[in-house]
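**Q** What follows is each chain in one-letter form.
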Amino acid sequence: MWPFLEGSPTIPLTIVNTLASGLEERSASVTAIVDTGYSGFILLSEQLFNRLGFEELANESTSGRLADGSLVRMRSAYGTLRISDLEFDLDGLVETCKGAETILLGMDGIQGLALTIDSCAQESSARTCS
Amino acid sequence: MGVITLKIDDKIERELRQRAGELHGASKGAISKSVEEAITTWLSAPRRAVRPARTFIAISDGKRVAQGNDLKLLAMDLRSQGLDPRRVEIQTIPAHPKEVNLGLPIRSRTR
Numbered sequence: 001m002w003p004f005l006e007g008s009p010t011i012p013l014t015i016v017n018t019l020a021s022g023l024e025e026r027s028a029s030v031t032a033i034v035d036t037g038y039s040g041f042i043l044l045s046e047q048l049f050n051r052l053g054f055e056e057l058a059n060e061s062t063s064g065r066l067a068d069g070s071l072v073r074m075r076s077a078y079g080t081l082r083i084s085d086l087e088f089d090l091d092g093l094v095e096t097c098k099g100a101e102t103i104l105l106g107m108d109g110i111q112g113l114a115l116t117i118d119s120c121a122q123e124s125s126a127r128t129c130s
Numbered sequence: 001m002g003v004i005t006l007k008i009d010d011k012i013e014r015e016l017r018q019r020a021g022e023l024h025g026a027s028k029g030a031i032s033k034s035v036e037e038a039i040t041t042w043l044s045a046p047r048r049a050v051r052p053a054r055t056f057i058a059i060s061d062g063k064r065v066a067q068g069n070d071l072k073l074l075a076m077d078l079r080s081q082g083l084d085p086r087r088v089e090i091q092t093i094p095a096h097p098k099e100v101n102l103g104l105p106i107r108s109r110t111r
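Quick mapping for you: the protein sequence lines, in order, are chains A and B.
Mapping to this note's numbering: the first sequence position 39 is 39, numbers consecutive.
Mapping to this note's numbering: the second sequence position 52 is 52, numbers consecutive.
Please note: incorrect hints may appear among the correct ones.
What the hints assert, rightly or not - Listed next, the in silico SDA-like pairs over lysine to any residue satisfying Cα-Cα at most 20 Å (straight line):
1) B:LYS98 <-> A:ARG127
2) B:LYS98 <-> A:GLY69
3) B:LYS98 <-> A:GLU55
4) B:LYS72 <-> A:GLY53
5) B:LYS11 <-> B:MET1
Claimed, not checked - Reference excerpt, derived from the structure (chain A facing chain B, CB under 10 Å, subset only):
6) ALA28
7) ASP35
8) THR36
9) ASP89
10) ASP91
11) MET107
Honestly, the hints are just simulated from the structure, not real lab data.
From the three backbone atoms N, C-alpha and C, an ideal C-beta is built for every residue, glycine too.
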């Protein structure tokens, strides 16, 4: 069970720059907020994105549509999110954009997981599908 | 004991025979023993998520130079060819959407 953060469900996970592992292993253990309104994989702050070396790999250009319909430019690169407790690895497009501060885990980042949100206990948990 | 007949790439077969010989000698069961060890390692690795299969490919000068069913395999393929992942473009098949939602759409209505 993982405690809520500011009223939102969270998942502790490790973000791994898998492609850079031959160069220099770069990973970070973080607590991500589950955001079902975000359709992407995982959103990092620019600082963390750069620190993990994703900016060196960044070659996918994407746009993010905000709730009001406006578009923001995103920088992105492929990486892996790992939930050690569940022995779970998932590859996807790690993204960042100007002003991003909170680490958001989007709908593409919870594929293969069954999440349980317990608002009474202010806790969340997950298990793998298989 | 189960019996499985496999069809594998020639290069992998050569490497398998060489490594099996190094590890278990020239005995008759050397290859079976090595394959069993490899499968055991594979089964004990973290489970990957169940979602539509996605192939990761590396493009250089407009040509596909490496690929893998996950980033780990792609990284291994790049490394085996001495290719720097920072010098190639990574894409997936099927492609990722070019636009993501950063919040559920809202619409205000005035009466």
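**Q** For every hint, state whether the structure bears it out.
**A** Going through the hints against the structure:
The suggested pairing of LYS98 (chain B) with ARG127 (chain A) is violated, with an alpha-carbon distance near 29 Å, which exceeds 20 Å. For the suggested pair LYS98 (chain B) and GLY69 (chain A), the alpha carbons sit about 15 Å apart, so the restraint of at most 20 Å is met. Among the hinted pairs, LYS98 (chain B) with GLU55 (chain A) is consistent with the structure: their alpha-carbon atoms are about 18 Å apart, no more than 20 Å. The straight-line distance between the Cα atoms of LYS72 (chain B) and GLY53 (chain A) is roughly 16 Å, inside the 20 Å bound, and the hint therefore holds.
A threshold of 20 Å between alpha carbons decides the hint, and for LYS11 (chain B) with MET1 (chain B) the separation of about 27 Å lies outside it, so the pair is violated. Hint on ALA28 (chain A) is violated. Least Cβ distance to chain B is approximately 16 Å, over the 10 Å limit. Hint status for ASP35 (chain A): holds, given a least beta-carbon distance of 8 Å to chain B, under 10 Å. For THR36 (chain A), the shortest C-beta to C-beta distance to chain B is roughly 8 Å, which falls under 10 Å, so the interface hint holds.
Nearest Cβ of chain B to the Cβ of ASP89 (chain A): about 5 Å, under the 10 Å cut. The hint holds. Given hint, ASP91 (chain A) at the interface with chain B, holds; its Cβ is 5 Å from that chain's nearest Cβ, closer than 10 Å. Interface hint status for MET107 (chain A): upheld, as the beta-carbon distance to the closest one in chain B is roughly 9 Å, under 10 Å.
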